[in-house]
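From first to last, the protein sequence lines stand for chains A, B and C. First residue of the first sequence? That's -15 in our numbering, and the numbers climb one at a time after it. First residue of the second sequence? That's 51 in our numbering, and the numbers climb one at a time after it. First residue of the third sequence? That's 12 in our numbering, and the numbers climb one at a time after it.
Think of the hints as simulated: they come from the structure by calculation, not from any bench. By construction, the Cβ of each residue, glycine as well, lies at the ideal position given by its N, Cα and C atoms. Just to be clear, a hint being listed does not mean it is correct.
[Said to hold, decoys possible] Stretches of chain A that chain C covers, calculated by requiring three or more beta carbons in the stretch to come under 8 Å of a beta carbon on chain C:
id: 1; region: 371 to 383
id: 2; region: 387 to 396
id: 3; region: 400 to 407
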Amino acid sequence: MSETEALESMVGGEYKYGFTTDVEYEDFPAGINEDIVREISRRKDEPQWVLDFRLEAFEKWKQMDGEPDWPNIEYEKPKFDEIQYYSSTKKKDGQKKPESLDDIDPQILETYEKLGIPLQEQKQLQGIAVDAVFDSESIFTTFKEKLGDAGVIFCSISEAIQDYPELVKKYLGSVVPKGDNFYAALNSAVFSDGSFVYVPKDTVCPMELSTYFRINNMQSGQFERTLIICEDNSHVSYLEGCTAPMFQENQLHAAVVELVAHENAEIKYSTIQNWYSGDEKGQGGIFNFVTKRGHCRGDNSKISWTQVETGSAITWKYPSVILQGDGSIGEFFSVAVTNNRQQADTGTKMIHVGKNTKSTIISKGISAGESNNSYRGLVKISPRADGAQNYSVCDSMLIGQTCGAHTFPYIESANPTAKVEHEASTSRVGEDQIFYLQQRGMDEDDAISLIVNGFCKEVLKELPMEFAVEADKLLGIKLEGSVG
Amino acid sequence: MLEIKNLHVVVEEDGTEILKGVNLKINEGEIHAIMGPNGSGKSTLAKVVAGHEAYEITDGDILFEGESILELDPDERAHLGLFLAFQYPVEVPGVTNKTLLREAYNTIAKERGREELDPLEFEDYVHERLDIVEMKPEFLDRSINAGFSGGEKKRNEIFQMAVLDPKISFLDETDSGLDIDALKIVSKGINHLAGENNAICLVTHYQRILDYIVPDFVHVMLDGKIVKSGDKKLAVELEEKGYDWLNDLASVSVNGEQK
Amino acid sequence: MPDIKKQDTFLSDLLAKETSLNGKSTAIKKLRQKGLEDVQKTSFPGRKDEDWRFISLRELYSDSYIPASQIEVTLPDISELFIEESKNARLVFVNGRFSADYSSTDALPEEVTLGNIADLSADGEALVDKHLNAYGDFEDDIFSSFNTAMLQDGAFIHVPKGMKVDTPVQLLFVQTDADEPYFTTSRCLILAEEDSEITVVEDHVGVGENKYFSLPVVEVNLERGAYVKHTKIQRESMQAIHIARTAAHLKQHSNYESYTITIGAKLSRNEPRITQLEEEVEFTVDGLVLIDGDQVSDTHSVMDHRFSHCESHQLHKCVINGKAHSVFNGKIFVRKDAQKIDSFQENRNLLLSRKGLVNTKPQLEIFADDVVCTHGATIGHLEEDEVFYLKSRGLNDHQARELLTYAFALETIENITVDSVQELLVDEVHNYTSRTLQNQD
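Using the sequences and the hints, build the whole thing.
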C-alpha cells in the first residue's frame, strides 16, 4: 500500500486510541520501597534469583542522584511515591494467568479488537504473532504453538522466568546492567511484563513477532521488560506498538529492552510509539523513558532499530548497538514527530568495538506546534575497531515558528583506519513545494503530508509492510492542520 | 475557455505592480504564445492564473468557462483542468513521480466526475503516457525532480501534463534549458497533446520553440501589458528585430492609459 | 606561590597583588574588582561540566604559576616575528606587558587609534571605559573573569566611521622562556565603527620550550557596515597552556571573518563566540588545528543567530598525529524569528596515528523554520585511492602523504589576505607535515 491509500484513509486529527477500558484491578499499594519490590516478585511467584536481581537494582536506584538532567527536556518530575508499580486485573477463581481466551475479560478482548489487534483465533492477524500486554501483565500470546514447532520461544517475560529460567538468567541484565541509568535501575527493580523471544541456531523465525503495549490504569506506571536472543545464523523481526488512554495526568512508561545477536544472527526491531501525547496545552500524556540496547556479540551479526515516534509527552530514548563481533552491523532508522507541547530527546549510540564494524544512522525529526525535538547520538570508535565505518544523516524539518529542532551528535574516534561521516541539515516544508503540489490538484494538508512522507521515506521503507501503512497514517494525522 | 480581463497584479510583499491591465482570451483548440523580455510579467501571469499566493490581484478578473476563479485555491483550479508547467519545477525529495501522479490523477478525476483508476489500471495508463515524451519507466520511481537535470525536469512537466490531461495548460519557459533533441521531443509531445477540446498557452522568451509548435496567436508582453497580438509571423518579426522596436508601443499605451 | 588547585589561596594571592597593577583609569579598576568578585563566585571547571567533558585540565591544575611580572625577562631577537605588511602598525606585548620599544603605529592614519589599553589619550580611555568587557558574553566563565581581574596592559584598536585601513595590524604576544611556570593574561579590544574596515593579525608566540599559562581575551565590536578580518595564530611553546576567548558582536551589514590557526601549546582551548545583533550580517569562523605528540586542542565555538538574514560559515579542520587529542564542539543557534539564516558548518578531521583521538560534536539548535542550516563532521585517514593516484604519478609514499595532508590543511588558510601571514602558515603546514610523517608509527 502506498501513501495514497494511507492518506485517503486519514480521518480527523484526533487521537483515536484515547478510550479507557473499565476493568477491575487487584489492589496494590502505591509508592516504592523494598516491600513493594518484594510484593511484586511474590505476586508473580518468582524464584529467589529474580527477587535478588530486583533488590540489587533497587539498592542501586536508591543511591542514584536522581533523574539525568542532560536531556533537552523540561517536565515535572514524576512523583515516584505516588505511582502504582504493579497493576493487574482481577482474574477468575484466583487464576494467575488466563489459560485460554475464555478466561480473559471480554472488555480487554474488545479493547484489543478496537486497537486493531484482535486476539481471537479466527480474527488473528495473519503472519504476525502477537503478545498483548495490558498495564503490568501479558494477557495473551498468539501463535505460540506454531512458533514452537519452529523452535522459537515467544512468550511474556514472566512466563519465561518460570519456564526457561536458565535462558533468562543468562541474559537478563547482560546488555543493560541493573545500574545502567536511573530509569533502567528503576525498571530492573519493578519490571512487570514484556516479551521474551528466543530463536535457536540456524532458524529463521517463520513469522513477524509483535508486542502490543497498552497502558489503561491511570495510577499505574508501566515497566516493560523485553529480552530477545538470536542464536547463530538466526533471524527475527519484531515489532512493538504502544497506545494509552487520554488522562489529565502523566503516566510513566520506563522500559528496558535487551537484544543479543550471536554469530551471523540478525535482529530487526521496529517500534511504532503512539502513546497519548497530552493535549494542546501539554496536559497529560505518557512520560516515555526507555533504555533499549542491542549487543552484536557474534561476528557478522546485525541489529537494526527502526522507530516511528509520534506519541508521548516526553520521549527519552536511545536505542543503541554495541558492535562487538567483527564485521557486525548496527542500524538506526528513526522518525520522530513532535507537535503541540511534546518534547522528544531521542537518538542512538553506536559503540564500535570489533574490527570492520559498520553502523548507519538515519534520523528524521519533524517539529510542529510548540514542540521541541532533539536528536542526540553517540558514535564511538574504540582503538581496536580497525576499519570501522559509520555514516549518519540527521535531518530536521520545522513546521511553523514556535517549535525547535536540535541536533547533538557526539562523535569520537580513536582509530585512524576508521571512517566516520556525519551530516545534518534543517529545512522546512517549502511554500513552493506546497504550491507545486496544489497545482497538481492536492489540497494543502495532503501536500504537507506527502512532503513529510517523502522526507521520512528512507526510514519508513525500513518498516515491515503492515507497520508502514500505520506509520504513514500516523504522520498525516499528527501534522494535520499544523500549517497556516 | 479562459478569459483574462484587465488584470492588475501586485507583489503581495512589497506592492510592486507587475501586471498592469492584461486582457487575453483563449478558446478551446487554440495554441497561444505569450512572448516578452525578462521582467515583462509573462511568468507572473502564468503563476497568477494558477493561483500563486505571492501575488495580489488589485483589479480585473480571470474567468474559466465563464466563472471567476479568483477565489479558488490552486488545487481547486487544478481540479477544473488548469495546468501550469513550471519554469523551475520544484523538487520534492522522497516522493516518487508515480505517487504524485496517481494521487493527483485520482483527485482530479474524482473532482471532474471521472472514474478513478486502481493501481494496475493506472500503471497501464501511465506507461502509455510515458511514450509521449519518450521517457523510461524508471523515471516513475524517482523522487519528483530531485537530482533531475534541467532538461529532465522540463520533460517531467510535460509528462505530468500528459497524465493529468488538463483543459488548459500554461507552459512557462518550457523550452529554456533544453538541448535541441530534447526540445524536439518535448514539442512533439505538446503537439500530440494539443487537441480540439483543450488549449495551450506557451510562455516564452525565445521564438525557438515556435519552430516546432505553431501557435494560432502570438502576444507580446511588455511592462505588464500585452502590447501587440498577431499570428506566428509576429514571432518571426520579434526574432529579427528584438523587443526594443516595441518599446515605444509600450510607453504609448501606458501614456494612453494615463490620459 | 599561587596554586590554581587551591582556589582560595590562589585568589587571596591575587587580591594581594591587585594594588600593584598599573593603569590610571578608575573604570578599569572597577572592572578588575568585578573580575575578582566573579572569580570568587565561580569555580574552576572539571570533567563533569558538559563544556569540559572531553578534555582533562590536569595539565593546568598540576602546577603552580607565578605572575609573569615576577619572572626575569630575557628576550631573544624577535624581529623575525614581525609581519612585513604590518611594519609600523604593530603592538608587541612581552609576557602580557606592553613593550613600547618594539611597537610602532606610525603607518596608520592619525584617526585610527592603536595603543595600549592602560596608556591611552583621554578619548581612547573614554572608549575603553565604555566598551571594555561589554562584548564578552562569557558569563560564569572563570577564565575570562580571571583575565578581567588581572587586567593591565592590552591592545586597543579603534577604527573611526568610514575609515578603511589597508595596513594590517599585528598584535604580537611574546611569551619568554623561564625556569618557573608563570601565568600571563592579555586583552584586546577592537572597535570598528560604521563602514570601517580593518585587518588584524593576533599572534601568540612562545620563544622557549617552557611551561606557562596564557589566557587571552579578545573582544570585537562591529558597527553597521564594518568589516573586520581577524587572523589568530597560536604558536605558543609546546609545554604551554593556552585558554582563549574571542567574542564578536555584529550589527547590520557588518562582516566578521576570522581564521584561527592552532599549532603550539600542550593544551589549548579556543572559544570563538559570534553574536548577531541586527539583521543582515555575514561571518566566517574558520579554523585549522595541527597537533602532534601529546598536544590537546579544543575548540568550542558558538554561532549565535539572533536576527534574520545572516550568512555564516565555519570550516574547522584538524590534523592529528602522535597521541594528540582534538576536540571540536561547534554550536549553531538560530533563535526564534531569526528567519532566512544560511549557516554552514563542517568539521573535518584527519587522524593520522593509532594513538590519536578525536571528539567532535557539531550541534544545531534551531528555533526558526525558514532557515538553511547544515553541518557535517568527518573523521578519517588519508584516502588510499588518492595516495595511490599520486604514487602512480611518480611520487613516493612520503611525498604523496605529505602533499595530501598539506592540501587538506591548506583549504582553511587560503582565504587569509595578508600575504606574509599566508606564507608563514604555509611554512608551518610544511613543517608540520614533514615532521609528523617522520614521527609516524
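Against the structure, the hints:
no.: 1; hint: 371 to 383; in the structure: holds (count 3)
no.: 2; hint: 387 to 396; in the structure: holds (count 10)
no.: 3; hint: 400 to 407; in the structure: holds (count 8)
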